Each structure stands twice: as structure tokens, then as C-alpha cells.
Amino acid sequence: MPNPEIMYLGAVPFLLVGAVGVLLGYRARFGAFLLIVFLVLVTWYFHAFWKRPEAEQQTEIIPFLHNLGLFGAFLMILSNGAGPGSLDGRAETGSSGRPDDDV
1234 MPNPEIMYLG AVPFLLVGAV GVLLGYRARF GAFLLIVFLV LVTWYFHAFW
1284 KRPEAEQQTE IIPFLHNLGL FGAFLMILSN GAGPGSLDGR AETGSSGRPD
1334 DDV
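For the sequence shown, counting from 1, position 33 maps to 1266 in the numbering used here; every step adds exactly one.
Honestly, the hints are just simulated from the structure, not real lab data.
The structure presented is a predicted model; accordingly, all values stated were derived computationally and were not measured.
Keep in mind that the hints are not guaranteed to be accurate.
[Unchecked claim] Pair ranges (Cβ atoms, derived):
(1) Phe1279 to Gly1305: 13 to 21 Å
(2) Leu1298 to Leu1249: 35 to 43 Å
(3) Asn1236 to Arg1323: 40 to 48 Å
(4) Glu1325 to Lys1284: 21 to 29 Å
(5) Leu1242 to Asn1313: 29 to 37 Å
(6) Ala1244 to Lys1284: 18 to 26 Å
(7) Gln1291 to Arg1323: 40 to 48 Å
In this text, a Cβ means the ideal position worked out from N, Cα and C, and glycines have one as well.
Go ahead and model the full structure; you've got the sequences and the hints to work with.
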């Protein structure tokens, strides 16, 4: 891997901003996009089971499929948004999320 320190410094902001955005629901679509970019690059570079000998393919296909599942989840967030209970959803409705405050 060329320059792992530089790649690490580039990956940390993607993961932090993306994870906080998805977790809190603040700019969740942007956060999901960052996590998708990270997952695609990591999966392609580290879990390329098709490049491995047949004996090692099983050990690489499991994390590959795990990342593929996460990719699907982030794609759902990217297309649908975070939902009504998120910070973005509350800002759109002007609600605090509690039933007694909406009256």
C-alpha cells in the first residue's frame, strides 16, 4: 500500500463526518455518500477476492459481502434520507419529536 499514513489521514475525516451525520441524522445523505465512497474504495482495494488464490477466496468474500450489505444500507439512506426522527426530519417539520409539543 503506497503511503498508508496519507490514506489514513484521508479516511478518518470521511468516517467521522459520515458516521456522525448518519448517526444523528444531520446531513445524513451527505454522510451516507461519504461512507459509500469509503466502502467502495476499501472493498475494492482490500477485499478483492477475485484476485486471490482459490484457497483464500472464502476468507475475503465474507468481508466483501459484509461491506456490500453496508453499501445497500447507506444507499437507502442516500435515497430516502434519515427519516422523521432525525435532526434533518425535525428541522423540516419544525417539531421537537415529542407528541405533546406538536399540539
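Hints, one by one, checked against the model:
The beta-carbon spacing between Phe1279 and Gly1305, approximately 19 Å, falls within the hinted interval of 13 to 21 Å. Take Leu1298 and Leu1249: their Cβ atoms lie about 25 Å apart, and the range 35 to 43 Å is violated. Range check, Asn1236 to Arg1323: about 42 Å between beta-carbon atoms, so the 40 to 48 Å window is met. Here the CB-CB span from Glu1325 to Lys1284 is close to 45 Å, at odds with the stated 21 to 29 Å.
Checking the proposed 29 to 37 Å range against Leu1242 and Asn1313 shows it holds: the Cβ atoms sit about 32 Å from each other. Between Ala1244 and Lys1284 the beta carbon distance is about 21 Å. The supplied range of 18 to 26 Å therefore holds. In this structure the supplied range 40 to 48 Å holds for Gln1291 paired with Arg1323, their Cβ-Cβ distance being about 45 Å.
Checked against the numbered hints above, the structure violates hints 2 and 4; every other hint is satisfied.
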